[in-house]
Structures are given as structure tokens and as C-alpha cells.
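A.B. asks: Listed below, chain by chain, are the residues.
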Amino acid sequence: MARVVVDVMLKPEILDPQGQAVQRALPRLGFDGIADVRQGKRFELEVDGPVDEAALARIHEMAETFLANTVIEDFTVKVEETSEVAGASK
Amino acid sequence: MARVVVDVMLKPEILDPQGQAVQRALPRLGFDGIADVRQGKRFELEVDGPVDEAALARIHEMAETFLANTVIEDFTVKVEETSEVAGASK
Amino acid sequence: MTARIGVVTFPGTLDDQDALRAARLAGAEPVSLWHRDKDLKQVDAVVLAGGFSYGDYLRAGAISRFSPVMETIIEQAKAGMPVLGICNGFQILTEAHLLPGAMLRNNHLHFICRDQKLRVENAGTAWTSDYEQGQEIQVPLKNMDGRYVADERTLDELEAEGRVAFRYLDMNPNGSLRDIAGITNEAGNVVGLMPHPEHAVEPLVGTGRTDGLGFFTSILKKLVTA
Amino acid sequence: MTLDTVKHAAETPDVSQPWKELGLKEDEYARIREILGRRPTGAELAMYSVMWSEHCSYKSSKVHLKQFGEKAPESDALLVGIGENAGVVDVGQGYAVTFKVESHNHPSYIEPYQGAATGVGGIVRDILAMGARPVAVMDPLRFGAADHPDTKRVLPGVVAGIGGYGNCLGLPNIGGEVVFDSCYQGNPLVNALCVGVMKHEDIHLAKASGAGNKVILYGARTGGDGIGGVSVLASETFDSTGPSRRPAVQVGDPFQEKLLIECTLEIFRENLVDGIQDLGGAGLSCATSELASAGSGGMRVELDRVHLRDATLSPEEILMSESQERMCAIVEPDKVERFLEICEKWDVIATVIGEVTEGSQLEIFWHGEQIVDVPPRTVAHEGPVYHRPYERPSWQDALQADDANKLPRPATSDELKQQVLKLVASPNQASKSWITDQYDRFVQGNTILAQPEDSGMVRIDEESNLGVAVATDGNGRYAKLDPYAGAQLALAESYRNVAASGAKPLAISNCLNFGSPEDPAVMWQFAEATRGLADGCLELGTPVTGGNVSLYNQTGETAIHPTPVVAVLGVIDDVTRRTPMAFSEEGQLLYLLGETREEFGGSAWSQVVHDHLGGLPPQVDLEREKLLAEILIAGSRDGMIDAAHDLSDGGLIQAVTESCLRGGRGARLVVPDGLDAFTFLFSESAGRAVVAVPRSEELRFTDMCGARGLPAVRIGVIDGDAVEVQGEFSIALSELREAHEATIPGLLA
Ligand SMILES: Nc1ncnc2c1ncn2[C@@H]1O[C@H](COP(=O)(O)OP(=O)(O)O)[C@@H](O)[C@H]1O
Ligand SMILES: [Mg+2]
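Chains as they are written, first to last, in UniProt numbering: chain D, 1 to 90; chain G, 1 to 90; chain R, 1 to 226; chain Y, 1 to 749.
Bound-form chain D, shown alone (with noise of 0.2 Å):
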């Protein structure tokens, strides 16, 4: 089994009260240098058979019209090779 992992985040004009509030925290906290902070999703999808060109295609339409929404959000769609130290492709 494979592992696809879908990132939202919201657009980056769109108003991000939760990163805010976080990154506001922060130097409260005694964290500083931290410029900016954005908090999105992240779903992690185990894809029964082989992640091919198609199984890919569908994920990204899935993510398209169901897991974000493009009207604030965008999205990246990327394979979870096995190890945790994994490369990531778009």
C-alpha cells in the first residue's frame, strides 16, 4: 500500500486567523524569529494498488473539487515513498 499525502493551505492572500494567532503566541512563548506562520491541512491517504499516472490523476481531482477549496485554498498532491526521510514530488 502507498501513501499520497494531499497539503491545503489556504491562498496566500486569503486571511489566516489560526496561523496568526500561532505565530502571534510565539514570542510569548520565548520562540522568536519566526516571520510568519500559515496552519493548513494535511491528509494522508493510503491508496490501495499502485499510485500510477492515474491513480494520481484521480487523487488530484479529488483534491481539486472535494478535499480543498479552490475558491480560498490550494493544494499540493504528493507520493510518500517509504521511509519517513522520503523525497517529495509534485
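Treat each hint with caution, since some may be false.
Said to hold, decoys possible - Derived DSBU-like pairs (lysine-lysine); straight-line CA-CA distance at most 30 Å:
#1 Lys-221(R) x Lys-78(R)
#2 Lys-152(Y) x Lys-41(G)
#3 Lys-11(D) x Lys-78(G)
#4 Lys-152(Y) x Lys-41(D)
#5 Lys-41(G) x Lys-11(D)
#6 Lys-199(Y) x Lys-11(D)
#7 Lys-11(G) x Lys-11(D)
#8 Lys-41(G) x Lys-78(D)
#9 Lys-20(Y) x Lys-11(D)
#10 Lys-11(G) x Lys-78(R)
#11 Lys-38(R) x Lys-345(Y)
Said to hold, decoys possible - These stretches of chain R come out as covered by chain G in the derived footprint (C-beta under 8 Å, 3 or more residues):
#12 57–66
#13 101–111
These are computed hints drawn from the structure, not numbers from a lab. Heads up, the beta-carbon is just placed ideally off N, CA and C, and yes, glycines get one too.
Since the structure of chain D is provided, determine the placement of chains G, R and Y with the ligands on it from the hints.
C.D. replies: The following block gives chains G, R and Y with the ligands in isolation, referenced to the frame of chain D:
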């Protein structure tokens, strides 16, 4: 400015109703072949200055004490290279 | 002389006025506390009220837990000061590790507001002595992140030590493990629960019941006789 | 990128400008040139175009809305009338209450969660801007067919958005409406209402006066929200190096709004503001021009001082941005420091962006260069006014001739019973608790009544038990059959709901949801509905305090049903006397008040059983409504009735079912003389309610009705655990409950 990504996922033994709801909806939308879905959070941190060992150590601590609640969540910290098709390191 | 009960206002706290009112109706002297002040104004007990402090952003209670007032509260709670966390307050207490476990999104993924039946499983805490052991009460419940989780060992420990203070009856509204609605620390001075006793203190408003008043009369008795 | 300054505009009269893309008509553009005596700068064009839009200028509706003022009834209750952010009503004991309904229809279709959430945020700021503490919200909603797949997308998102925002603000949601009809398929209606309370002396108005006073913008940073249209300007007037696409969707941050509320109330308490305005549609353009227009002098604004979320925004975009959770205050110079301190306390960003001037112009600068120099009234209050043609549609006669009273009726008792079950289970009549359980109705600890009661009621004084009640209603099917009567029926129903809870109706707000004003048939519906509402308010003595108009709710050529939503505000001196809807005391007598006629046009029965819309809506008799209300209020005050429920969609059987389920008790009903069982159960005649009377009070109550001339007929008794209609059928409460409560979760969960 460099970007560090912190991914936070529920521990495997914790029920993830959000991921389940996504998974249950997929067949209805015509997407088959996804055996499991887990939903987590992705934080994109824009770091001022160099992302060296020390900076990463601080971010690791921030993730452990703040961005994740380790009672229920696991996390990974990755430096994101400039390119979109980036390599990832834990 | 009566006791002083402090109620903390964090940015985004919503039920602070209600908690102050409940304390007053029980006969205590209500005192407002501010998240930026470490000073607890010599209160005898503290209520962390419900709401969406910091918008519930990141995780419910996660940001508030690091506020200056919490530094003092954590210290004092460990030294025995009574602390009651209601809803968001309960979430803050788990984030602060004053109580074990964590609160997650309701299993049905919706906010839920209802009149909820509970059983008081431990009438020996600082906040529950006016109830009978096993008494059934009904108070409003309203939350988005009310699913109590902890690992099996912790749950077993809580059960064995009688630290499950309240359990949902009839219906588990959020998927909390073992129907847990609230718990206490070992010493019984720190109590957290998801439902809202402070909304059930007057016969006319809300659901029209007063089952929640006992929390406030319990602590008052304890403090005044102490 | 050259800045289009006032000077530059004067020197380059022939530059072509994208007025058309910004939605202006040729004559409107010509008028702007005439007002200014030159071509407008890009920034000025942006301001005029958005302020002269239908949404901001009411250019199609204004001539009709005038009637609300002209026909306003005498009332001592009105402290602030139409024209301000919201009207203000005197409710006694020194308290003033402000309330208003607004629409967020189009955004909620595009992005249901954020559209609905920001709808709540916007109306709450309106109420806050009047000086009041917001105390409750309500949400009248309309969706497409309940079983349409898109409804499954829109409804859960809208409900989550309303809950997500309102719950996080700590405002109890005390009522609303959920109606399904395929006419709303591409145009769901998301209306939101907010109620606020203050003392008389705390009323604030949106005006800028006192030369030298400072203009302070506070709240969220300004980003590129909701300025999709204006980006045209940035790219067409200037080179296109800036970001090409700006989001049309605004994202709300309820946490920020909660801070804004507390911060603003503290600022009011210390008496630090002269004038105040919320930022909603048209953002800073609207706030600055309206404040300056309503004030005595001019205003000078340094736009580059505005705190930005996105540094690439052009001045036009900053002026247009609809970023949420912002307010604009006029503050005397020696109070500025304290004002900023309070903002800091609440983590709210605040910036002095300008000041009130001696002059009469609104002048805006960008890094020292002037980009706007306009008479503010011409932007804010003297926009175009259209007398749009209107005409009774050709199909109206045929629609009214298609008489619902002639539809086949149930032939047997069993069929009657099956239709009752079908009715109470139909999406429009079914329990909405799957929705309303997602709203906090307890927060603030003052909720006396909330859904599913007839009206929402909150206590406003803990010592005296003074309270207010609000109900909202609107029936698009009735209004389609006859918009004049339909608007009055909405008014009558809402009025009746308030009275049924024991409160005295005082004033109204409304949200008029219609199709395109460019269609003469729609314009006729609008004209008729406003005329009906104004006449009705005059007769009932309840002035219109404000409201909102939403036009262009249509898909292609097809408009939604005309949907005037009416909110009535009432006062109750002692909330302990409120009347709940639940039948809970075994043995109490049930009385039907008012007159029942064969009236099925637009009825729930005709829709559920026959999928039919035709004929005439129920007759309106506002004198009767008044009398009914007086009896309901007196009955509650004097302890003669223990429960009351008004009759509306679905008729008597629907009302009795709801009251029985709420109280967990059954009822035995007898069909009164002169009525057949079908008409008794399903007719939707207006001006009626069912009440539960303790036996000991029966004589006193019937005497009162007799003396006042209100028909009151005993129809049964609270008893058992079934709803039984003698000689016809009996349905166990458990079966009714299953039918009534399973529908919505079945469709949506
Ligand atoms: N969207 C909503 N939000 C809050 N309350 C609602 C909503 N929809 C319906 N309700 C409540 O449910 C109850 C029944 O609604 P409805 O049948 O429209 O009442 P009525 O016939 O009295 O106008 C009312 O109390 C109403 O306020
Ligand atoms: Mg009603």
C-alpha cells in the same frame, strides 16, 4: 527567508473522525481505492535568519511543547527547500 | 466572611459573566481575573470559564495555557487551591497537564448544544460535595471539542482511583471515552468537565434547572468552614 | 506604476477608465465627471462605483422604501429611525434595544461557511456601532430542495458558518427559519439578525464632526478581501505588475470580532468616541464617506497609514477592501491616548488614519499625494435613484386562478392520518433541531426562550426581569401568489409569534429578498410587498426601524419567490410571565383562537401532498391580529394561559404536534361544529393561535375573549400519549416524534 514545515498528525491509535468522514464520502463522490484517510495539520513557518542546527532544535521544542499536544499527536519537522519539488528531511 | 471566587477572562472567554453570576448566587464574592495578570487578587478558588479563548485556534486551550495568569494558577493548584475548569476551562487544564488526557473534536464533527444528563461519580471533590454520590443531574452542554481521550492505562487509573467525576448518561454527546464528562486530580481540588453548571443556576433561564448550583455551594462551604 | 492623483486626473481628462467593468452605467460615469468637474481618479472611481452599486445605494429600491418613513405609525418607542446602522427602540426602564436583519445571500452560495459566518459578523458590527452590547442572533435561511445534492453542500456549510462565528462570539442564537424550495436552488438566502441592548444615553451615531477630531481605524489588518471587482481597476488603469487576482471571498475571524466587541464596549463606557461606523460592504470607502457625509465638516485621510495584511495592495484596493472585523471611530484628540490603550489591552490594532477638517470635502492622500477630493454626500447619500418600470406579470392571474381549494382532499380517515404524518415529516415542517443544536443558545445566561419556541426571548435586566422577544417570518409561497398580502402575512405571523410568547410587539426590521429589479415583474413584486408591509406596519402601529434589500436573487431568467422576511421586536416587563409553547400539564383545556376558513392557497398541505402552488394566500385581517395579540398578552400576564402556539404553515395539526412533542404530552381533539376535519387540521387561516388553559381559568379566559369579540372555541384537552382527533384517527406521540425528527438528519447527516 527559509521555510520550515511542521506536520502534526493524531497518533495512530487515536480515533480521527475527520479523516473517517472524508474517507466515507469518497465512494459517494466516485473515488474508489482509498483504504484509509487521516487528517492532520500542517504549519508553514517562515524563519528569519539561517535554519541551522540551533534553529531547528528550537523549532523542534516549539513543536513539542506548543504546536503539537504529544498526549495525542505526533509531529515531524522538515526544512523546505526553495523548489516546490523539494526533498524533505526529518 | 464569605469566600472569594475568581473567574479568569482570557481573550475569547465567553462564560465568565455567567460563572461570576453563579458564584454570586451561591453566596460567594465573585472576583474577575485578567489573563495578563499573574496576581490572583487573593481569591480562595478559581474558575476557568467556557468559551473560545484565542478562538480555539491551534487546539482548544493551547494558547491560553501559556498566559501569565496560568503560571500562578498552575503553581497554586499544585499547592492545593481549588480550580474548576468548565468546557474551555477543562481544555486549558488538560493542556496545562493539571489534568490528564486531552480534548478532541466531537466524533460527529459538529458543535453540539443540548440539555445533558450526567451522573456525579465522585461527590468527594472540592467542587462536588453538595451532591450525593451517584446523583443524576441535568445541565447544558455546548462544545465543539468535547471528546475526552486518554490512553488505556490512564483511563484505568482514573477509574480505579475514582477520579472520573462525571459521566454522561443516556447519550454520549461527543464520543468521549468511557462516557467521561469530567475528571478530578488526585487531590480532588482540580476538577474539569465539559458541561456547563454555571448555566444551570436559575429556575427561569436556559433549561430552567438549577442543578449546577451545587458546584458553587460545594466550594463555598468548603472554603468558609476551612 | 504612476499614481493617479487628483492633479494627474485634472491634467489627463481623456484617459479612458474602466467604469463599465466596475458596474457603472454611462450616465452614472458622466454624472461623476459633472460632480467633480473633471474625470475621477482611479481611487475616486473605485469609491463611486462601489458606493453607487445596488447593494450600497439602494438605487432601485429607494423610491419604494420611502413609504416606511411616510407611512410610519405614531410611536413613542422609536429613538432612532431608518437610516442609521440600525434603528433603536425604547423598551422602558431607561433601556434601548437595537436590532436589524441583513442578507449575505450571494457570498453564501459561493463559499457557504465563510459567506454565512461573515454575514453574522457584519450584522453584529452594525449593532455594536449603535453603542449596544449584542445579546442575541437569529438566522432566517432558505435553501433549494431538501433532497437536491447541492443543498447537502450549501446547508451544512451555512449552518456551520453561522454557528462557528456566533458561538465563538458568545451570542446565543435564539431563533430563525429554515425553508426549502427549489426556487432557492441557485440562490440560497442567508439572512442574519442581531439584537443589542444599551441605555438611552449610550446611543452612538455614525457621524464625523468637530474639526481636529481624529479618525481611528481599528480591528483587523486590511487585506485583499472581497475586492475581486476593483482589481480590474488596478490592472486596467495602471500597469499590471500587481497581483492579478484578488479573492472575492471574505474570511471571518470571530475571535478578532469578539475582541473588537469587548474593546469597543469598553471604549464606549469611558465615553471616548464622538461618532463610530463599522466597516462592512465597501469597506473604508463606505465608512469614511458616510461618516463625513453625516457630519458637519470634511475629512482628511492618510491612506498609507492603514495597517495592511498584504503590502502589495494599491490605494484603490485598500479603499475597497472588505476585510472583516474592522471599525472606524471619530475621537477627540485628548482622548486618543486612552483609546489606543484600551485597544492595546484587547490586542486590537488601532491607527489614527486622519482627522475631521474645517472644509467640506473628503480628501484622501497616499504618501503625501492627493488621490481623492470629493464632496462626501455625493458618494454616500446622493447616489443615483431609479424609478424602475414595474408591471404585474402576465402569469399572475393564471396563478391565482389555479385554486388550491379545489385540490383533491383526503377521502377517508386513514388518508387524513397519512397526510398528517406526511406533513409533519416534510422537510419544511420537520424538526430543525439537527440545525439548531449546532448553535449555542445558553451563553450569556439570559436566554428565556429559544428555538423551537415561537419567539426568542432574552432577559435584559436581572433585577427587574425586563425582557425582549424577537421572531422572524416570511413565506415566499404566499408572497408569490400575492406579494402585497404575502408581506403582510409575514408581518402578521412574526407579530403573532412575539405575542404568543407574551411580549408586546413594538417595532420591526426586515430583509427584502427578491430577483432582478431590471425585470418589471420582479419590480412589481417588490413594489407590492413594500406597499403591503408599510400599510401593515401603519395599521399595527409597529414602525419599521431599518432593514436590508437583497436583489438579483435569480438564476438566468428565473427569480426566487419574492421573500420578504419580517422581524418583530417585542417587550415583556417580566420574563417570568412568558408563555412557552409546550403542552405539559395533563388535563388543561385547549382553545383555538381566531377564525378558521377554507384557505389552502400556498399552504404546506398543498405543497406536501400535491406539490402545488396556486390560488390566493390566506386573508389578512390586521385588526384581528391586534386583538389576538392583546388577548395572548393579557392571558399570559394574568396567568390565564400556560402555553400558546401560533398557527401558521401546516395549520392546527402542525402546531398541536409541535406543542405536544415539546411537552411530552398527548392531546385529544374534537372537530368543532361547522368545520370538517380536513379544514380544521390543515387550513392556514391567519390570525389564529392555540392555547392551553388551566381548568380553573377557563371561565375567566372565555369571558375575556367573549367580551373582546375574539372567537375562541374549545377543541380538546391535553391528555395521554397520542394525538387523537375524535372520530378520525389517533397517532402515538412516539410515531409523530419519529416522523417529525428523523427527516432532517436523514437528509443531511
Ligand atoms: N435557522 C434557524 N436558526 C434558529 N432557529 C431556527 C432556525 N430555523 C428555525 N428555527 C426555530 O425553529 C422554530 C420553528 O420554526 P418555524 O416553523 O419557522 O416557526 P414559526 O412557524 O413559528 O415561524 C422557531 O423557534 C424558529 O425560531
Ligand atoms: Mg411560530
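A.B. asks: State for each hint whether it applies.
C.D. replies: The hints, checked one at a time:
{"no.": "1", "hint": "Lys-221(R) x Lys-78(R)", "verdict": "holds, 21 Å"}
{"no.": "2", "hint": "Lys-152(Y) x Lys-41(G)", "verdict": "holds, 26 Å"}
{"no.": "3", "hint": "Lys-11(D) x Lys-78(G)", "verdict": "holds, 21 Å"}
{"no.": "4", "hint": "Lys-152(Y) x Lys-41(D)", "verdict": "holds, 22 Å"}
{"no.": "5", "hint": "Lys-41(G) x Lys-11(D)", "verdict": "holds, 16 Å"}
{"no.": "6", "hint": "Lys-199(Y) x Lys-11(D)", "verdict": "violated, 44 Å"}
{"no.": "7", "hint": "Lys-11(G) x Lys-11(D)", "verdict": "holds, 28 Å"}
{"no.": "8", "hint": "Lys-41(G) x Lys-78(D)", "verdict": "holds, 16 Å"}
{"no.": "9", "hint": "Lys-20(Y) x Lys-11(D)", "verdict": "holds, 29 Å"}
{"no.": "10", "hint": "Lys-11(G) x Lys-78(R)", "verdict": "holds, 29 Å"}
{"no.": "11", "hint": "Lys-38(R) x Lys-345(Y)", "verdict": "holds, 15 Å"}
{"no.": "12", "hint": "57–66", "verdict": "holds (count 4)"}
{"no.": "13", "hint": "101–111", "verdict": "holds (count 8)"}
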